[in-house]
Every structure is written in C-alpha cells, then in structure tokens.
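Colleague: Listed below, chain by chain, are the residues.
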Amino acid sequence: SQQGEEDPQALSIQEGENATMNCSYKTSINNLQWYRQNSGRGLVHLILIRSNEREKHSGRLRVTLDTSKKSSSLLITASRAADTASYFCATDGPGGTSYGKLTFGQGTILTVHP
Amino acid sequence: DGGITQSPKYLFRKEGQNVTLSCEQNLNHDAMYWYRQDPGQGLRLIYYSQIVNDFQKGDIAEGYSVSREKKESFPLTVTSAQKNPTAFYLCASSAPWTGVNTEAFFGQGTRLTVV
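So the protein sequences, as listed, match chains A and B. Sequence positions in the first sequence follow my numbering and run 1451 to 1564. Sequence positions in the second sequence follow my numbering and run 185 to 299.
No wet-lab data here; the hints were simulated from the structure. Positions of the beta carbon are idealized from the N, C-alpha and C atoms, including for glycine. Please note: incorrect hints may appear among the correct ones.
[What the hints assert, rightly or not] Derived contacts from chain A toward chain B, CB cut-off under 7 Å, selection only: (1) Arg1491; (2) Leu1493; (3) Ser1521; (4) Ser1523; (5) Ala1528; (6) Ala1532; (7) Lys1551; (8) Phe1554; (9) Gly1555; (10) Gly1557.
In isolation and in its complexed conformation, chain A is listed as follows (with noise of 0.2 Å):
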C-alpha cells in the first residue's frame, strides 16, 4: 500500500525559481525520507527528518514535517536544470512494525528549464 502521497504529480518551472513538494502519509511514522532519482537510475537519499523535528536544512533543501496534518514538504531553492529528476517521500511506521522497511509515494516529476 502506499503510505505517502506527493503532490503535485509533475511540475515545472525555470532555472532560479524555487520548487515545492508536497507528501501526506496516512499512518505515525518515526521519521520521513526524501530520495530522488534521475530518470532510470536509482534512488539517491537526500535528507531525513525526524517525527520529532519540524524542520531540516541541507545545503538548497529545506524540509518541513507537520505531524499533526500528517504532511511533509521538500522545497528546493534556487533549482537548476540538474535538479531535475523525480523526488519521492519515503516513510517507515511506529517502532516495532516497520522493521527498516520503507513506504514510497508516487513521486513528483521536478523539470526545470534553464
């Protein structure tokens, strides 16, 4: 079953516009994962953030986590026609169930034009 649900399915913008990408999940999590991965290849990590942070830097990415909505967001800023690729949230659940296994949304299609 898929826990979370990236939101928009695709989008698109320019070189030096920011992106923002949306996941609801349906179920408590420890924590929140974001990947990406460029068209046929595999899954890259980018950043993981905690049940109990709200928000996570890491270089151009900023990640935000509501527990309460159930909702996460990943904005890249500055974005470059190399960030585009697909982004996919990933999740796990409450302890003692998920044993390292991780839940996928759909993905969002990210491409930016230069």
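Fit chain B to the supplied structure of chain A, relying on the hints for placement.
Modeller: Same frame as chain A, now just chain B:
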C-alpha cells in the same frame, strides 16, 4: 568504493522462464531490500532481509523468491508464476534497524522485459 551493485542492467525473459537478478553490497549492511517500480509509479516492496538466512515477504511477493546465504548478496528470482514481470527492479541496503530507520542505499536497477 563502497556501494551496492545490481546486475545485469537490462534483462530479457521469455514467457515461462525463471530469471535471477543479482544484488551485491560491500557496505557491511545487515538489511537488504528488493523493490519493484512500474512506469510513473513509486516503489513497492517485494522482499526484505534483516539478517543472513532470514527474509520476509513484502507487499507484492507473489511470483518472486529470494535467498540470503551471504551478508553481501541478496538475489531475486522472478519466477514464471509472476504474470506481469516487466518492470524496473531496485535493490537497497541499510544499517540494521534499531528502532529508527536510517537512509537506504540503492543500486542502479535492473530493467526486466518479457519478450
């Protein structure tokens, strides 16, 4: 370089054949996972293993089998019982689960096509 390697990159299967996808990691991770990705979709968990000689079914295990005889290796066999095997298969590994997840490391994937 430490990493996770999947082979082959492309694989073609005839109807009724079993095929095995290779996944090897040298990250010294105990946990390994197989995911399936269909076009425009997210990843769905097929099987996972937290330790050598032990593995568990994921959400879509029917038509697949795995083994975990070595810590470094977690091969996936797509059997003839899998009716729609054409997909992109991703292997991942992570540090042992200790109550909270850590990041997963992914291979570059194997694209399986039924001909």
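Colleague: Broken hints, numbered, in rising order?
Modeller: 3, 4, 5 and 6
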